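Student: Residue strings, one per chain:
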Amino acid sequence: MEQRLANTWQMTVNERKFIEMALAADLRVDDRGPFDYRPCTITFGRHFSFTNRVGGSSEVQLGETRVMSYVTSQLVQPYRDRPNEGTLSIFTEFSPMADPAFEAGRPGEFAIELGRIVDRGLRESGAVDMESLCVVVGKLVWSIRVDLHILDNGGNLIDAANIAALASLLTFRRPECTLGGDDNHELIIHDIEDREPLPLIIHHLPVAVTFAVFGEGNIMVIDPSYKEESVMGGRMTITMNSNGDICAVQKAGIGISSSVIIRCLEICAVKAAEITSKINHAMESFNDGRSIQYPNFHPVDVAIQDNLPDVIMDKKQIENLIGHLAALPLDALDRNSNKSGAVVVGTNTRAKFENNQARDGVPFYSPSNWDPYPRKLCSRLARSSLKLSGLPEDVEEDKVNTTQSVTVECGLEHTKGASSSRALETPSEYTTVEATSQYIKAPKTLKDAVKIQNRKMRK
Amino acid sequence: MEYVDSLTGFRLDGRRPNDIRQIRAEIGVVAKADGSALFEMGNTKVIAAVYRPTEVQNKGQQINNQALVRCEYSMANFSTRDLQEDQRGTEISLVICQTMEACILVHLMPCSQIDIFVQVLQADGETRSACINAATLTLADACFPMRDIVTSCSAGYLSSTPLLHLNYVEDSARGPDVTVGILAKMDKVTLLQMGSKLPIDIFENVMQLAIEGCKAIAQYIREVLLENTKLLESRKGL
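Top to bottom, those sequences are chains A and B. Per the numbering used here, the first sequence starts with residue 384, numbered consecutively. Per the numbering used here, the second sequence starts with residue 67, numbered consecutively.
Pulled out of the complex, with its shape left as it was, chain A reads as follows (with noise of 0.2 angstroms):
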């Protein structure tokens, strides 16, 4: 091994023995059993900016074993035997302020070592998907990129970095690119701002799972700690995922029977399923977290409704459905924007209408095709909710006819929209505007999905 012994802290005989023979009584030294792991906790990086979504990144502690992981993406060229996949790369950084062993610069042998154990586990076992992250065949694809961090070692630094890179993937977003431009030939890649950032496909978690192994190889406990791994005899390192798969398996050093192969795997199977449901517990809390923070931030795409038919109401009806409007709390007005910032009302109204529909005898929709956005309605909808967001409202209701379709600015920072504004007629207080049409997309047909055959670019 290429650590510096002379650095290192150096175990004491007695020290030594006292671990082994305890072992060899079935005890470990911070009193957990054989097949336990440490307390782990994983978190993930904040996001100081709201431009900031994008980033990957995790931290987990592992006992005293701390790791960071980060993931960043860029466009590159694919490999020339795969030109319709991505690439995922794993680095890893052993810092001295880890461990004193830990060289600074070049990577050790322990330290490229378990960069391939965490790479196969995840690559070769197809964990992420690569080829959604084609972009264009034999040109573009995304390559992602996974820096793991080695911030202190208090042992089993293989688990740690494992459950830390899989985190940082799952709550990873990528932006979106689209061929667009005027011939369909340009790539735009789109800014967080304007489209949400994609997720990684990630098909299954492969969680590494690593033995100790002491005495004649009959004895075998996981989750070492610093000072059990000074004292084994080798190590065994099993990567499998929940669905009883197994991805990766590293062992190489002291003999070990193949019965004990056998029954570490059924362990780690149990293993393995503990700590998947620990990191999706993780990440549900962090993504709820998230969507409170960022309004538009959705986790799941959610489906746009388009092909509505358009709602006519009457006088009457409109004021019903102001009245439930300004009855709602304001931040589930927000909480159903959609991106170009204009104001949607939300589904949660729907059960009001449908109050309302039995109330006054008037069967004027069902919530099933109802319309948010009928153009009748707009100049009602957009004053009303001008008036729950507290700005200035001045339109004299006469000046403003119903077929109009007014344009809202609802005090959001970001109001960019590339769609013409179609508002006319609005008054001067209004000076950023924004169409409302831009919610109406055109239906997305197959010609859209179709590559152009001219394949020039333009950057």
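For the record, the hints were derived by calculation from the structure and aren't laboratory data. Source: prediction; values computed, not measured. Where a beta carbon is used, it is the ideal one built from N, C-alpha and C, also for glycine. No incorrect hints appear here.
Rough simulated footprint, nothing fancy, chain B against chain A, three-plus residues with beta-carbon under 8 angstroms:
| id | segment |
| --- | --- |
| 1 | 499 to 509 |
| 2 | 637 to 649 |
Each computed SDA-like pair below joins lysine to any residue, with the alpha-carbon atoms no more than 25 angstroms apart:
| id | chain 1 | residue 1 | chain 2 | residue 2 |
| --- | --- | --- | --- | --- |
| 3 | B | LYS251 | A | ASN601 |
| 4 | B | LYS251 | B | LYS296 |
| 5 | B | LYS125 | A | VAL614 |
| 6 | A | LYS400 | B | LEU174 |
| 7 | A | LYS400 | A | PHE597 |
| 8 | A | LYS400 | B | ILE129 |
| 9 | B | LYS302 | B | ARG118 |
| 10 | A | LYS610 | B | LYS125 |
| 11 | A | LYS610 | A | LEU410 |
| 12 | B | LYS125 | A | SER478 |
| 13 | B | LYS125 | A | ALA487 |
| 14 | A | LYS610 | B | ASN130 |
| 15 | A | LYS610 | B | ASN131 |
| 16 | B | LYS251 | A | SER642 |
| 17 | B | LYS251 | B | ASP85 |
| 18 | A | LYS661 | A | ARG421 |
| 19 | A | LYS522 | B | ARG240 |
| 20 | A | LYS610 | A | PRO490 |
| 21 | B | LYS251 | A | GLY600 |
| 22 | B | LYS125 | B | GLU138 |
Based on these hints, arrange chain B on the given structure of chain A.
Tutor: Frame of chain A; chain B shown alone:
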């Protein structure tokens, strides 16, 4: 691509799923080294050499109660067409090193360094297994005290069949690849590496198949060593 022909059951190189490759070994190919061997598994050809224990070069790495085992694995530039990553070479060096360290009685040679050099001359899949087999022969030729002979081979699972000894084409299929190294007489597994995805029960089958393959290679290595000893005997006039 059909890796096992459904009609005849033959693989791409004409073997059956359980057939081992053609093995050939030669001892004493590098005259200057204290121990050397040439090992061929099918088309994969590997040469290994070892020198007697020396003083540790990097004093910081010296271990006071045992020998330090270092292995250098390199692939000749003419061994294969495809470019290999550097990190893969480092990992294979590490793996061979750890495997041989488990079989040499290192506590008999404290404060010393054992260098094993392995060079791949021709690569057609299973290079790390061939390297370990060559290293075993080399250490035996140099008369190092060992627990047992270590043999290694790989097995895979393609076209729903466990296959023994994957060649380069089968290896590039990106299917599951299990490399096993055992201490032959003690029946203990020292090396176990696996890539891609396999359910547990199929993995156990493939692993058992690889262990059987290793035992067959161990049998051959024992015969080669025995012949070599007889040759030395006759040369010495015993």
